[in-house]
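**Student:** In case you want the letters, here they are:
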Amino acid sequence: MTILMPEPDQSVLARRDEIIAALRKIVPGEGVISSAAEMKPYESDGLMAYRQPPMVVVLPSTTKQVSEVLRYCHQNGIKVVPRGSGTSLSGGALPLADGVLLGLGKFKRIREIDFDNRAVVVEPGVTNLAISQAVDHAGFYYAPDPSSQIACSIGGNIAENSGGVHCLKYGMTTNNVLGCEIVLMTGEILKIGGKAAECAGYDLMGVITGSEGLLGVITEVTVRILRKPETARALMIGFQSVEAAGQCVADVISAGIIPGGMEMMDKPAIHAAEAFVHAGYPLDVEALLIIELDGPQVEVDELIGRVEAIALRCGSTTCQISTSEQQRLLFWSGRKAAFPAVGRISPDYLCMDGTIPRAQLPLVLRRMNEMSEKYGLRVANVFHAGDGNLHPLILYDANKPGEQDAAEAFGADILKLCVEVGGVLTGEHGVGIEKRDLMPEMFSDIDLNQQQRLKCAFDSEGLLNPGKVFPTLHRCAELGRMHVHKGQLPFPDIPRF
Amino acid sequence: MDTLKVRDAQEVEDAVRAAIANEQPIEIVGHGSKRTVGQLMATNAVLELSALNAVTAYEPNELIITVQAGAPMADVLSLIDSKNQQFAFEPMDTAALLGTTPGAGTVAGMIAAGLAGPRRIKAGGARDHLLGANAVSGFGESFKAGGKVVKNVTGYDLCKLLAGSWGTLAVMTEVTLKVTPRPESERTLVLRGLGDVVANKAMTAALGSPYDVTGAAQLPGSALRTTGGALAEIAQPDQSLTLLRLEGITSSASHRAQSLRTALKSFGEADLIEDDASAALWRAVRDVEPFAAAGPRALWPVWRIVCPPAAGGALGEQLSRESGGEVIYDWGGGLIWAALPPATDGHAKALRQRVEKIAGHATLIRGSEAVRAGIDVFQPQPAGLAALGSRVKRSFDPTNILNRGRMSRGSAT
Chain H
0 MTILMPEPDQ SVLARRDEII AALRKIVPGE GVISSAAEMK PYESDGLMAY
50 RQPPMVVVLP STTKQVSEVL RYCHQNGIKV VPRGSGTSLS GGALPLADGV
100 LLGLGKFKRI REIDFDNRAV VVEPGVTNLA ISQAVDHAGF YYAPDPSSQI
150 ACSIGGNIAE NSGGVHCLKY GMTTNNVLGC EIVLMTGEIL KIGGKAAECA
200 GYDLMGVITG SEGLLGVITE VTVRILRKPE TARALMIGFQ SVEAAGQCVA
250 DVISAGIIPG GMEMMDKPAI HAAEAFVHAG YPLDVEALLI IELDGPQVEV
300 DELIGRVEAI ALRCGSTTCQ ISTSEQQRLL FWSGRKAAFP AVGRISPDYL
350 CMDGTIPRAQ LPLVLRRMNE MSEKYGLRVA NVFHAGDGNL HPLILYDANK
400 PGEQDAAEAF GADILKLCVE VGGVLTGEHG VGIEKRDLMP EMFSDIDLNQ
450 QQRLKCAFDS EGLLNPGKVF PTLHRCAELG RMHVHKGQLP FPDIPRF
Chain A
0 MDTLKVRDAQ EVEDAVRAAI ANEQPIEIVG HGSKRTVGQL MATNAVLELS
50 ALNAVTAYEP NELIITVQAG APMADVLSLI DSKNQQFAFE PMDTAALLGT
100 TPGAGTVAGM IAAGLAGPRR IKAGGARDHL LGANAVSGFG ESFKAGGKVV
150 KNVTGYDLCK LLAGSWGTLA VMTEVTLKVT PRPESERTLV LRGLGDVVAN
200 KAMTAALGSP YDVTGAAQLP GSALRTTGGA LAEIAQPDQS LTLLRLEGIT
250 SSASHRAQSL RTALKSFGEA DLIEDDASAA LWRAVRDVEP FAAAGPRALW
300 PVWRIVCPPA AGGALGEQLS RESGGEVIYD WGGGLIWAAL PPATDGHAKA
350 LRQRVEKIAG HATLIRGSEA VRAGIDVFQP QPAGLAALGS RVKRSFDPTN
400 ILNRGRMSRG SAT
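Chains H and A, in that order, give the protein sequences. Going by numbering that gives the first Met the number 0, the first sequence opens with residue 0, and the numbers climb by one from there. Going by numbering that gives the first Met the number 0, the second sequence opens with residue 0, and the numbers climb by one from there.
Hints are computed from structural coordinates only; laboratory data are not their basis. Do not take every clue at face value.
Said to hold, decoys possible - List of simulated lysine-lysine pairs, PhoX-like, C-alpha gap at most 25 Å: (1) H/K227 - A/K147; (2) H/K168 - A/K121; (3) A/K82 - A/K147; (4) A/K147 - H/K415; (5) H/K415 - A/K143; (6) A/K356 - H/K168.
Just so we're clear, the structure is a prediction, and the values are computed from it rather than from any experiment.
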C-alpha cells in the first residue's frame, strides 16, 4: 500500500471490547460484526489494491440506530466510515483500523413511488437499477446509470455523485436527486429538500451529493424519475484516427445534437472487447464511436441520418446502424464489457478516471502513448466521449516486481495531464484515497482549506471518513482563523500523510 | 454610502480584506437589478462588480462559457445565441417584475439569485449549470470551486452552494457555465378556461407523458387583462390559459404536439402556437409579466413559492380565494408566482402556513421595505437546518462581512 492513512488511535483500539459492547446495545443481534473472518468482506471496496480490516462493522436497520451509533462514536471520539454496496472505485469506503464501518445494506426499502410528482423515496441501500425497475411498469426510469448499476446503492451514488453513459443528456446524480434525510456525526437527523424542485436556503443537497461520505450518513433519498424515451437506436462508427473520431464528436454537438450516449474506444480496447463478446466491432479501425439517439421515434430516425452524414464528412470508414433492440444492445455489449474484456488480456489493470476538454483529446492520447513507452506498460482507452470523461486502463502484472508502482505512477501522470490541459482529476469515480494526494494538482491550499471548512460545518471533530479526499488533515479551530497567507502551509506542525 | 468599483479579482480580494479589517460589512452588487430582493441589509458600503465584465472564454464545441462576474446577462445571451446555444435553465429577466432597467443584470447576479425559468422542470436550475467559479470568501481569500468541464466530481461541489446564496457566502469573480444547443423549433399547446386544479391535472398528465414537455404553465384570466404583448394577443377576457411547450427538431416537435393534443383531449381542444410566437409567450411566463411592476399590480407583493408540483393547483386556488390575489403556475405547478393584495405582512403568515403543510417554501421577491423589514423574506428553516446553514455561512464568511442580513432576519447571517 503506497497511500498513507491517519495513524490509528491506540486509546480507541484499547477500548475495542467496550466499544463493541456499546454498539451491540444500539444494534442488537447480527447487526454488529467483530470477528476477523466475518469482517473480511468489508476490508476493501471496488479499489481492491488497498485493504484494511475495520475495528468493527455495524449494520443498522433504522435511522434511529444510525443516529445512536453516530452519537455514541461522536461522544467517544471514534471514527466512522459509511459504506453502501462497496462498489466505489476510488477507495471511498476503505475502512480504518480504529474506525467503525457503518454499512447501510439493510436500508433496502422503496418507501414511496409518486408518479404525479415524478419522485421516488427510497432507502440508501436500494440499488440504482432497482429504482428504475420499480417504476418501469408505468414507463418511468431513473436516469443516472453508473456501469455498476446492478449492484451499486443509491446512497453510494449520492456520496460519489456517480455518472454513467447518460450523463451528457440527463445529468449526473446531483441533477436527479431532490432531497434526503441525513444523520450528522453528532447523531442529529435532518431532512433536506423533498419532492419540490428546489431546497430552501443554501443548497445543502447539492454539496452533500459528491461529498464522499465525509459530511453525513444518508438514511433516505428522494430522486426524480423521468418518462422512458419512446425509442433508442445506436450507430457504431469506425475511424482511421482518433482525431477524426474526436472531430465527429465535436461536430455532432455543434450541430445541436445531444445524444443519449456517445462513447469512444481506442484500438486496444476494441480488440479486447471484440475478442470477449463478439459484437462485430471492426478490427481495422483506430477508434470506434458508439452514438445512441433516444427520444420519439420520428426524432431518432431523423437524427440517426444527420449523425451518419456528419460521421461521413469526418472520414468514417465503417458505420452500422442498429435496426433492432437486440442489435443496439449488441453494439453496447462490448463497450459495457470493456473492463472485464481488458481483464482477460492482462493479469491486472488500473482504471483511471479524468475529464478533459474534448478538444484536447488527440494531444492527451499522444502524450499517453509516450508515457506508455516510458513506463513500459500498455494502455487501453474507453471514453465517455460526449463529456470528455476518460477511462484509460493501464495494464500491468502485480507479480512482476515494480509494475504496480509503475502503473500507479503512470496513472498519476495521466491525471496530472488532465488537469494541465484544463480538465479535472475525476469525472465520476471520486477522489477517495486513490486521488487524494493529487488534489494539490488541481486545488491550492486555500481552495482545499475552504472545502475543509465546509466539512467542519458538518463534522467539527473530523470523525466521519477521515483520510479520504483531502491530502492534509486540518483541525477545524485552526481552519477558522483569519488571514491565512497565500501559498503557505498555515500549520506546519500538523502532519501530512 | 461608499461605493467601490473594482476592476479585477485582486481588487475584490483587497476590498474584502479591507472590509474585514475595518469591520465594515459590504453589499455586493453587479448592476443592482435585484437589490430590492431579500431582507434589508446591515451594510454601509457597496462593492460593485460591473467593471468585471469580460467574456474570458467561449468554447461552443465544449458546451461551456467562462465570464467575469459582472458580464451583462444580455450580452452573454446574445453571444451564445449567435452560436445557436442557450442556457438551458432559461434564466428569468427580473426587470419587468421588479421595475428595473430592462435587460440589466449580470451573469453572477443571476447565479447568486438562482432563478430559473420554465425549463427548470426538464433541464434543471441555475445550480445545475454552474460548472466552476472563482470567488473571494469572507476570509478575504480567492478560491476556486469546481472546474471547466461538464463532468467533474473532484472535491466538494461548492458551486452548488454559491448558486442561490444571494452573495452571502463569497464574492464570485468569474464563473463557468454549461451551455446547450438551442432547440431547432418549438410548439406550444394552449388550453383555455381551465380552473387551477384541473389545469394542474392537465399539466401533470402532460409532464408524465412520453412527449418530452419542456414547459407547463397556467396563467389566470384576471392577470391577462392587464398585460400586453404576447399574452394579450392570444388571451380572451377572463379566460385562463394553460400552456404546454414541446421543443426539438421540427419534425419531432410537431409530431409530439399532435400526440399530446390527442392525449389531452379530455381537457379540451388545444390551439397550437409555433416558434417565435411560442417563444414570446414563454418569455412572458418566465419573466412573470402579468405581475409587472408597471401594471396595476405594482403595489402588490409578489411571492415565489416552490412546492411538490401535484400539490400546486390546490394551493394556488386556496391562496387566491382567501386573499383575493392571483397566481401563475410554472414548472407544472412546482413553482407558483403569487401576487397578493397589499397587507402589512405581505400575507407572510397565512401563506407560509399553507405552504409548509405541503412541504413547500416561499420567498418574497417583490415587497416594500416596510413589509420586508417586518417578515422573513426567505423561508424560515427548522432549527437544525438553520443552525447548519449558519455554520455553512461562517465557514465561508466568519465575520459576516458579505451581504450581512440579506437571507436571514435580525442580521445574524
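**Student:** For every hint, state whether the structure bears it out.
**Tutor:** Hint check:
no.: 1; hint: H/K227 - A/K147; verdict: violated (30 Å)
no.: 2; hint: H/K168 - A/K121; verdict: holds (11 Å)
no.: 3; hint: A/K82 - A/K147; verdict: holds (19 Å)
no.: 4; hint: A/K147 - H/K415; verdict: holds (15 Å)
no.: 5; hint: H/K415 - A/K143; verdict: holds (17 Å)
no.: 6; hint: A/K356 - H/K168; verdict: violated (35 Å)
Against the hints set out earlier in the document, violations occur for numbers 1, 6.
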